[in-house]
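Undergrad: Sequence:
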Amino acid sequence: MDHQTTPLLTALRRHAAEEPVQFHIPGHKKGRGADPEFRAFVGDNVLSIDLINIAPLDDLHQPAGVIREAEALAADAFGADDTLFSVQGTTGAIMTMIMAACSPGDKIILPRNAHKSILSAVIFAGALPVWVDPAKDRRLGIEHGVTMDSIREAVSLHPDAKAVLIINPTYYGTSIDLRQAVEFIHSRGLLALVDEAHGTLLHCHERLPMSAMQAGADMAASSVHKLGGSLTQSSVLNVKGGRVDIRRVRSFMSMLTTTSTSYILLASLDAARRQLALNGRALAEETIRLAVETRRQINEIPGLYCFGDEICEQPGVFHYDPTKLCIHLELGITGFAAEQWLRETHNIEVELSDLTNLLCLVTLGDTKRETGLLIQALRHLSDTFFRPEAGSIAPNGASSPPVPGAVSLPAAGQFAMPPREAFYALSESVELLGSCGRTAAEFLYVYPPGIPIVMPGQTITAEALDYIVKHLEAGLPVKGPEDPAVQRLRVVAAEEACLV
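In terms of UniProt numbering, the sequence shown is residues 1 to 500.
You can take every hint at face value.
The calculated label-pair distances, taken between Cβ atoms and stated as ranges, are:
1. I25 to Y447: 30 to 38 Å
2. Q4 to Q62: 20 to 28 Å
3. Q4 to F41: 28 to 36 Å
4. R379 to F38: 35 to 43 Å
5. Q376 to P484: 34 to 42 Å
6. P159 to S251: 23 to 31 Å
7. V42 to G189: 47 to 55 Å
Here are the simulated lysine to aspartate or glutamate pairs, EDC-like style, with alpha carbons at most 20 Å apart:
8. K30 to D44
9. K116 to E482
10. K116 to D133
11. K116 to D483
12. K136 to E463
13. K136 to E310
14. K470 to E431
15. K479 to E428
16. K29 to E19
17. K368 to E351
18. K30 to E18
19. K30 to E19
It is worth saying that the hints were derived from the structure and are not from the lab.
Cβ coordinates follow ideal geometry from the N, Cα and C atoms, glycine included.
Construct the complete structure from the given sequences, taking the supplied hints into account.
TA: This is the structure in structure tokens:
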């Protein structure tokens, strides 16, 4: 296929150049009706392609022209049989994937560190989640992948499950042996689904973990906007093999997609695919080289540790993405406090912070200038907060004791009722700390990374509440409840729970 071409972007530019007189939405009419300051800032070129699904530009809901051509090129670039564009972010792609795989009452095996969008899809589908605990890195306070033993056990206990979902890689960049997992899942007649939100570049370079399509997974949702160069909210759903009906997948994607699709987002996907197909390996090579050198320098800074190849010795880790810098702190401050300090002192913003870590992403858009500024800021951070008498972290991570304050994700509470039933059940608002033992009717999570600590239908445990309180006290963004102050939580009403 000719990856030099961009069918959709080219069609949009051609249409804009013809300057048709438009009597359709959007009402700004190529920017003339937009706020002048906004128009001046974003530019007329962008506004000229903010269009709708008129005939020359195809329709995302039933693509048969330039969008279908662009999706076919993307499928070839990502090693898929079919690729569907999403303007609803990877959340829309994940929901499509799960709803196409599961009907009401079907079981789906999920890792405990699954993203909120996955659990939201479970509620919409009426599916029943079966938890698999990922391997915990108690020293760093993070979760890696699920082990093969845990997958085998879950499938053995629930042979009637419809699918197994795997995260590849995790938010912190670690990955399991995905090919082995997919082969096992298929051997038991289940679908292999992959949340590959943070894995857009995997297909581009052998130094990175194996991509879902290379491993033979049935479907994988990928955030091209996160690491692949497209605009925020633009993602893809990759489909491979004959285990799923692509027509049904498209039907669900259409149901979950706005009819006012953004051609700006779609065009950015088309252009990002071209760049990755033509130059992806070279760009990934330079990004990896830059990240590896940055990691080396971070590990020379007292009180900081950024894992590297040695992480593959940990359970649940077969490979890792070196472009993700998980910076573990032993500075006497939380990761969240370090994030605030870096922003206020050096105008540096990180991807994520938690109680003991910072996560920084090195991407196609970075150069030595940006990583140099990061290293300079981290040295200043260490000079400001590190106390030699407290000890530092061995670069190989082998001889360091558990870091005080590192808190692993609590075990998932048991389901007292199916998530969908709990979400729609009669509920009541109770004090957060008085909710222990009750059945949750809403989500509770820290974002980022957006992993539900509690979801509808689960029995709320003391361990989960303790985890949430620690994050609230540290000032981390706890979200989900209707109460923005997170002092109250909706639970299934007592009389409703008695009926289950």
